[in-house]
Structure formats: C-alpha cells, structure tokens
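Peer 1: Once you've looked at the hints, dock chain B against the given chain A.
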Amino acid sequence: MATPADLLPGTLELLVLKALSLEPMHGWGIGQRIDQLSRDVFRVQQGSLYPALQRMLRKGWIRSDWRPSEHGRRARYYALTARGRRQLEAETAVWRRTAAAVDGILRVRLADL
Amino acid sequence: MIADLRARARALIFRRRWQRELDEELHFHLEQDVAARIAAGAEPAAARREALAAFGGIERWREATLDASGVRPLHDLAADLRFTLRGLGRNPAFALTAVLVLALAIGAATAVFSVVHTVLLSDLPYPHADRLVQVYQQNSPTNQWTLSVVDIQAIAEQQRSFEAFGAVRPGVAGLAGGGEPEQVPVAWVTAGFLSALGTTPATGRLIEPGDERPDAPPVVVVTARLAADRLGGLRSAVGRALLLDGVSHTVVGVLPPGLDELAGIRAAAWPVLRTATPARRGPFGLRGVGRLRPQLTLAAAGRDLAGISRRIYPLWRAGFRDSLARLTPYPLRESIVGSATQQLRLFAGAVLLVLLGALANVATLLLVRASARGHELAVRATLGASRLRVARLVLTEGLVLTALGTLAGIGLAALALRLVGLIAPDLPRAHEIVLDARSVAVAVALGAASGLLVSLSPVMAVLGGRLVALRPEGRRSGGTRWTGLVRGVLVAAEVALAIPLLLAAALLANSLLRLQRVDPGYDAGSSLTVWLAPPPARYPDTTAVRTFWRRAVAVAVETPGVVAAGLATSAPPDNQGEVNNFNLTAHPVPEGGAEPTSPWSAVSPGFFPALGIPLHEGRLFTDADSAGAPPVAVVSRSWAARYFPGESVIGQQMVEGGCYECPRTTIVGMVGDVKYQGLGRDGEGVYTPLMQSESRRAALFVRTSAAPAGFTGPVLRHLRALDPDLPLSARLMKDELRRALADPTRWTAVLSAFGAAALALSSLGIFGLVSYLVRRQRREIGVRLALGAEPRAILRMVLARGMRYVLAGTVVGLVLTAVSGRWLGSLLFEVGPNDPLTIGGVTATLLLAALAACLVPGLQAGRIRPVEAMAEE
Numbered sequence: 000m001a002t003p004a005d006l007l008p009g010t011l012e013l014l015v016l017k018a019l020s021l022e023p024m025h026g027w028g029i030g031q032r033i034d035q036l037s038r039d040v041f042r043v044q045q046g047s048l049y050p051a052l053q054r055m056l057r058k059g060w061i062r063s064d065w066r067p068s069e070h071g072r073r074a075r076y077y078a079l080t081a082r083g084r085r086q087l088e089a090e091t092a093v094w095r096r097t098a099a100a101v102d103g104i105l106r107v108r109l110a111d112l
Numbered sequence: 000m001i002a003d004l005r006a007r008a009r010a011l012i013f014r015r016r017w018q019r020e021l022d023e024e025l026h027f028h029l030e031q032d033v034a035a036r037i038a039a040g041a042e043p044a045a046a047r048r049e050a051l052a053a054f055g056g057i058e059r060w061r062e063a064t065l066d067a068s069g070v071r072p073l074h075d076l077a078a079d080l081r082f083t084l085r086g087l088g089r090n091p092a093f094a095l096t097a098v099l100v101l102a103l104a105i106g107a108a109t110a111v112f113s114v115v116h117t118v119l120l121s122d123l124p125y126p127h128a129d130r131l132v133q134v135y136q137q138n139s140p141t142n143q144w145t146l147s148v149v150d151i152q153a154i155a156e157q158q159r160s161f162e163a164f165g166a167v168r169p170g171v172a173g174l175a176g177g178g179e180p181e182q183v184p185v186a187w188v189t190a191g192f193l194s195a196l197g198t199t200p201a202t203g204r205l206i207e208p209g210d211e212r213p214d215a216p217p218v219v220v221v222t223a224r225l226a227a228d229r230l231g232g233l234r235s236a237v238g239r240a241l242l243l244d245g246v247s248h249t250v251v252g253v254l255p256p257g258l259d260e261l262a263g264i265r266a267a268a269w270p271v272l273r274t275a276t277p278a279r280r281g282p283f284g285l286r287g288v289g290r291l292r293p294q295l296t297l298a299a300a301g302r303d304l305a306g307i308s309r310r311i312y313p314l315w316r317a318g319f320r321d322s323l324a325r326l327t328p329y330p331l332r333e334s335i336v337g338s339a340t341q342q343l344r345l346f347a348g349a350v351l352l353v354l355l356g357a358l359a360n361v362a363t364l365l366l367v368r369a370s371a372r373g374h375e376l377a378v379r380a381t382l383g384a385s386r387l388r389v390a391r392l393v394l395t396e397g398l399v400l401t402a403l404g405t406l407a408g409i410g411l412a413a414l415a416l417r418l419v420g421l422i423a424p425d426l427p428r429a430h431e432i433v434l435d436a437r438s439v440a441v442a443v444a445l446g447a448a449s450g451l452l453v454s455l456s457p458v459m460a461v462l463g464g465r466l467v468a469l470r471p472e473g474r475r476s477g478g479t480r481w482t483g484l485v486r487g488v489l490v491a492a493e494v495a496l497a498i499p500l501l502l503a504a505a506l507l508a509n510s511l512l513r514l515q516r517v518d519p520g521y522d523a524g525s526s527l528t529v530w531l532a533p534p535p536a537r538y539p540d541t542t543a544v545r546t547f548w549r550r551a552v553a554v555a556v557e558t559p560g561v562v563a564a565g566l567a568t569s570a571p572p573d574n575q576g577e578v579n580n581f582n583l584t585a586h587p588v589p590e591g592g593a594e595p596t597s598p599w600s601a602v603s604p605g606f607f608p609a610l611g612i613p614l615h616e617g618r619l620f621t622d623a624d625s626a627g628a629p630p631v632a633v634v635s636r637s638w639a640a641r642y643f644p645g646e647s648v649i650g651q652q653m654v655e656g657g658c659y660e661c662p663r664t665t666i667v668g669m670v671g672d673v674k675y676q677g678l679g680r681d682g683e684g685v686y687t688p689l690m691q692s693e694s695r696r697a698a699l700f701v702r703t704s705a706a707p708a709g710f711t712g713p714v715l716r717h718l719r720a721l722d723p724d725l726p727l728s729a730r731l732m733k734d735e736l737r738r739a740l741a742d743p744t745r746w747t748a749v750l751s752a753f754g755a756a757a758l759a760l761s762s763l764g765i766f767g768l769v770s771y772l773v774r775r776q777r778r779e780i781g782v783r784l785a786l787g788a789e790p791r792a793i794l795r796m797v798l799a800r801g802m803r804y805v806l807a808g809t810v811v812g813l814v815l816t817a818v819s820g821r822w823l824g825s826l827l828f829e830v831g832p833n834d835p836l837t838i839g840g841v842t843a844t845l846l847l848a849a850l851a852a853c854l855v856p857g858l859q860a861g862r863i864r865p866v867e868a869m870a871e872e
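Those protein sequences? They're chains A and B, same order as listed. Note that numbering that gives the first Met the number 0 numbers the first sequence so that position 12 is 11, with each residue one more than the last. Note that numbering that gives the first Met the number 0 numbers the second sequence so that position 845 is 844, with each residue one more than the last.
The set of hints was computed from the structure by calculation and includes no laboratory data. There's no promise every hint is true.
Claimed, not checked - Below 16 Å or equal to it, Euclidean Cα-Cα: the simulated EDC-like pairs (lysine to aspartate or glutamate) are:
(1) LYS58/A x ASP3/B
(2) LYS58/A x ASP66/B
(3) LYS733/B x ASP573/B
(4) LYS58/A x GLU90/A
(5) LYS733/B x ASP522/B
(6) LYS17/A x ASP34/A
Same shape as in the complex, but just chain A (with noise of 0.2 Å):
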C-alpha cells in the first residue's frame, strides 16, 4: 500500500463540498467520507477540518445546526446551501478542465509534437 499523499492546497474544501453533497454529515463523519472516497489516498489530518468548515460557514457555502447524532448523542451537523452546491459544480468544472490539461500534458510524446 502505497504512502497516503499530502492533500493539494485548496483541495480539502473540494473534498468537503463533495462529502457534505452525498449528505449532512458531522465533522467527523466528512473526515471518514473522505477518507473513505479517496481510498486512504488522501490522509487529512483531522483536526484541519475545523478551521475549513469555520471559512466555508463564513463564506455562506455550509450551514450548520446541531441535532442528536446515530448514538443519540448531540452533534453539530453541516449541510451545503444552495451557494455551496454551486461552488462545488463550479469548482467540479474547474477541476476537470485543469486535471483533463494536465493529463494531456502528461501524454504528451516527441512524436506528437
């Protein structure tokens, strides 16, 4: 198994956007979504997650109320507004044309050029 790779800069708020679209999830749970997701390619540190989820409540993508966890025991839940569904689409484009480029940058041969 290879070595979980460092996370991309600006990738982590990407990843929660996603994590949050499949469905409302505590802080914990998006950590283990994305771990999951990504297959244990990506390892986030977890604690990390807090300060994005307070820029991205403050930037008006996720709202955030708290209600009784699977336990029973109270939890904060975050959830996408309709901001951050168009965000996360937007931010999808974005990220399918750069990694599409960079893919075909990668292929590139001599015999091609």
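Peer 2: Relative to chain A, chain B alone:
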C-alpha cells in the same frame, strides 16, 4: 457577505457559547473516533492515542478555528478590557482618582468649548447672519456712539446697501395689565429691525411699516414667556391689550418660545418705535440694524453710509458740528459679542492649563502604577506575552480610564452648562448654549488625545524595557532612573502650568481688593433707591411730570426717619444716565472738530445730600433753578480738573448738546466725584437741574437716619398713596454697590479655584516624586548615614533633588507667563500684569508649598536605619 457578518457576529456576541460549542464539537469528534477504533478492535488506550495523533493537536486546531472565525482581534481586545477592568477593580482608589481628575478636566474643557464656540465662533441664530450689521456713529476708530432719528430716517430714505434696515431702542417700561404692575425690559423697534433679522412670529404678526405712522394704534409683539405669564398663553395673547408706561398697546404677535433676545437685546416686549419729525440732529440712543444685500461687502456699505453722513451734515450743522462723524457699519456679531471675548479667552486659557496639569498628573499615576506592576508584567512577559502585548495592556488601561473619564466629563459638562448663568449672568447669547453633538465630538476627541498622552510614558517605559530595574534597589521601589526622570519632568510641567493660573488669580484678587477700597463718592450704607417713571397717559406734559417729581420728593422726606431725598436720571455705581456733548466758551473746540462728551444727569436739589455727595466749591441747586430760570450746571471735581486745570470752574459757561441758539449754561458748583461708570472708571460728571429737563424717568434716592432696609416699606407706602398704579421696587444702595463688584468677585473666585487646584495637583506630584526618589535611593542613603552623614545633610540632599524639578518648572512657567503677554488686560485695576510684587508673591507661595511637599519624605529619609536599608536585598 451577509453569511460572513452573521458568522462573525455570532462568534463575537455569543463568545462563550461559541467557544463551548467548539469544544463540544471537538470532543465529540475525538470520542467518536476512539469509539470507532475500539469497535475495529483496538485497545482503548491505543485507540485514544491514535485518535489524538490523527487529529493533530486539539489546542492547535482550536486556535486555528478561532482565527478562521475572523474575530480574533476583537477577542483579544475583549480579553484586554477584562484584564484591565479586573486590575482597576483591585485598585479602586487609583481608578477613582484618575477617572475623577480626568472627568473634571475633560468636563471643564468641553463646557468651555461649548460656550466659546457658541458665543464667539458660531453664526448668530438668524438666517444668513453674516449679512447682518449694526450701524454706529464714529468720529475716530475708538469712539463710536448710537444713532439719532435724523440718521435712521436718512438711512431709510437714501441707502442702497441693505435689503432691510431698522432701528431699536432698548429700555425699561412700567408694564400693567394681566398682573401686578412691574418694570420690565422692553425694546422699541421699527418694522425694518425685525425683518432685517428675519424674525418670524409664533402666532399673529410682527410690527409692520404701517404701525409706525403717528396715527396708527400702538401695537406690541411680546415674548412667549410674557404671553404665558400675563396673557393666558400663546393662543389667547393676540388682540389683548398691555399698558406700557401707561399707554395701551394691542398685542399683535408672539415670538417663538425661548426667543427673548434679538440682536443681543433682552426684552419682554417689543413695542413699535415711532419717530417724530426731528428738530435737531440729536439726541442719539437708537441702534440701527440692517441686512446687507447679497454679495455686498461691508466696505461698500461703509462708503454708501459715509456718503449719507456727508449729505446730512450741512442740514443739521446748527446743532451738531462734528464734521468727522461718519455712519459706520460693523458686523452685528462683533457688536453683540465684543465685550465677552476677552473674558472668555481668559477662561478658556485657564481651563486649558488645568486640563494639561490634570493630564500630567494622571500620566504620573499611570507610570507609578505601571512601575508598581512591573513584576506582574515581567512575569506575563516571561510566560510568553510579547513586550508589545504588555504595552498594549498598559495602553488599554490608559484608554479605559480616559474613556470613563470622558463619559463622566460629558455629564459634568452638561451640568456645568446649566450653571453658566451663575458664573456669567451677563454673557451674550447665553440662551443659545447647549451641549450639542459637536461638543460631544470634541469631548470624545479630547478624551482620545488625553488617553494617548497619559499612556505615552508608561508605554514607552514598557517598550524600552525600562520598567523593571535589574539592580536590587530598583526592584524594591518599582522603577528605574528613567521613570524617575519622566516623573520629574511631569512634575516640572505641572509646576509650569500652575504658575500662570496662580498669577492670574493673584492679580485678579489684588485688583478686587483695590476696587473694594475705591471710594464710590457717596454714602452707600444709609440710602435706598426707587426708580420712578410717571406714565404719559396720566402725566401728559412736562408740567404734570415736574409736579409729580416735587410731590414724590415731598412724600419721601415726610416719611419718619428720612433725612434727605432727591431725584436723578442716573444711578451709581453703574448707571451713568445720559451722555451729552458740550463746548466750553472759554476753551472752544475748533470749527468742525468733535466736541467733548461727559456723563450727564438731571438731578433735584435733594440729590446731593441724599447720597452724601460733598460740595467743594460754589453752590448746589435750589428750588429757584426752575424751568424759567437761567440754565445752570454743577460739575464733578475731576471734570473741573480736566477741563479747567488750575482755574476756578465756577462761573464758566458752555454750549450744551450742540444747541448754539439756546442760552449758555453757567457752572455754579463743584461736587465730589461719583463713580457712575463702574468703580474702575473715573468720576467725571455734569449735573443739571431736573426741573430744567424733559426727563420722564428718574431714580429717587432716600437717606435715612438708621439702617435703610427698615424704611423701604414706609417709603413705598407713601409713594403708592401718591399714585397707586405706579410699578415700584426699592433697592438698597449698599446692595447695588455689592452688585457692581459681583463680576470681578466671580472671576477672582473662578480663577482662584483653578489656581488652588493646580497648586494642589503639583504639590501632590512633588510629594509623590520625592517619596519615590527617597525609596529608590534608600540603600544609598543608608550607606551615607552609616558613614556618618548627618540627617540634616540627607534632608538637604533630598530637598535639592526634588526642588531641582520645581525650580525648572517655575522658570518655564514664568517665561510662559511673560511671553503670553497682556492676557488679563482690562480685567485688572491699578495693577499691571507684570506687577513684580504679585509675581514674587506667587513664586514664593509655590516654592514654599513645594518645599513643604518635599519636607515629609526628606525628614523620613533622615530617619532611615542604615542596617535595615542595607539588609533589604
């Protein structure tokens, strides 16, 4: 954007809840993680360790989240404020002293700003007030007087400069109707006066040009207060009748509530001013007020008016030979405020000095406190707080104290402005003074500046690392050589600021003492006075009035216990009556030159004995000096000395009031000087027989065999028996004389209070400084004593160290006073601003007070036990 503000506001306002929730969230996360790891088969201890590792440091991410919330600086501020308030709460005496001193200083400065700004700087409360002017007669830059009917009519007909122009004559009238008869201030006005000011009535109408016609019914505009007191309020006042000097006037309008002053004249009623066709250029006594046309300059209006002066001069030359007199416009503001300017400047200057002294004092307090807390702050620094952060704490403390002081100061200023009437009852525009937004803004700005100033030295001490000495003696006393020097400089500044205040107070007190010793020229202790004004309605002509004068004197003299009684159109100590021009037959004025003028009273024969005015030469008036008899005059001794130096004045003749057709007036007697124009002025005066005068108003003076207070009742009863409808009120001449001294007494009291405050503040400062120097050098002093130094030598050394700063401050203060010039000017009487005795006395007083303040710590220094002092390590 809105989400951002909402999130920040939440984090800020529900700070505790926000932090609690963050803690709860982070703990939930960890426990959830631990539980998951245990469920996956890990040992509980290992699970916890792994969870913590995966999280990456709770405190670190907690702080990072706080940073991300965007309210960090505000959180820090809140923490600083809490820390400061806790600190101040632990030392309430310090906090209270500092806040109180600051509140008094900032409050006084704010109140003075409000007064100065309203009275001296702000526009008069009339639309386009910058275009309002008052017109004077002027024959030299320093000699101005009022206008006559001729001038007013000529200006009204010929002027091309004014949108509106009118006249006003302030005076007093007997008022009857709707209540007890009384004498009230009134001002007779033309329609042009009110329209020039742009006055609008609350109800009814104002005076209109048609009201000025001789056949129109007399009308009056009244203040809202008079309407409420006598006429049943604003609504019912219009249409009612008021008797003014016995003439029925119909009330046509009421001024807006609160407006009882127009163009600097306070009056309860504003009846129409009617001008009869004049027979000669004088008499003067009318004030002309006009509104300049837009864009027209004062100089252009001056040229217009000067042209009018030249055109009317030849027409009235027979009775007025001053060819130099010109009608001259001055800004209305200048003529209203003029006299108050100097006193207000003095007052503002004094308050500024007190404010600076107070700031120096609080700065010392803060520095001492910072030094005393040097260890606490040093501990904080070693615990990781940066010097900058500690400096911020010290600054916060200074700012919190001044903020509290400013708040309290604004309250004090509001209170003080209600008392302005007590300190300066004659201040022009006093009714306009309020604590407005501008004053509050000034208070806040003053507070902020003060906060920075008082925090300056302790903050510098912290930043420079000068708070805590490395050497043991410094550690004990909480301070370094640097803080000692700063405190010395602050003390010197306090002394320097106290000197001008003390000097001003001493000079004013000196003047007051001299004023009190002035001989007013009459016996004030045993006479009383009643103003009489027989109304034209019941006393239609001169004969009737003169009969009334004779009867009034007769009933007064018949009152048991009355020694003498007489009438005069003037009343010492501050009512000079009329001013008249004259031309001496023996020493005539050159053709076209300005004739001399003098205070001019018409008096009955009994006037001189009633006030105990001595006859020096010639004779007094007798009943033979009546209407048909040749005109005669009695003059005062200093008048005689000025116009006939070295000659006898008896038998000299003069032309009176520019009437060259009238028979010459002969001087028949010379009496003692009476101070008519205030105690500080000279005693020139001319008296003519009341029975040769047309005057309708005179003061009755009654001299009694015992204390006059007991005779007011009987005298008034006799006068009422003569005419029950006359408004009468008696006053004691003794009280009038005291009233004349009220103004200088008040100024002396105010400045003495300031001076005393400054002296007390600087003495406290000196005491604190010297005590501190002794504490800091305890070891050194101990060593000296152990080596055999006399306690007296130690005392000398301590005194020298303390007095060094005092002397420096004294020199600076004296230089400051000398360069600030003749700041007391005309408030002084018979004392120069550089009076060496006063300066010497003030300096000596201050040095003695400083010496006394040094003495206690100095004596204590001599009693230090060497062994203990050296053992204290």
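Peer 1: Run every hint past the structure and note whether it holds.
Peer 2: Each hint, compared with the structure:
no.: 1; hint: LYS58/A x ASP3/B; in the structure: 6 Å, holds
no.: 2; hint: LYS58/A x ASP66/B; in the structure: 15 Å, holds
no.: 3; hint: LYS733/B x ASP573/B; in the structure: 13 Å, holds
no.: 4; hint: LYS58/A x GLU90/A; in the structure: 15 Å, holds
no.: 5; hint: LYS733/B x ASP522/B; in the structure: 9 Å, holds
no.: 6; hint: LYS17/A x ASP34/A; in the structure: 12 Å, holds
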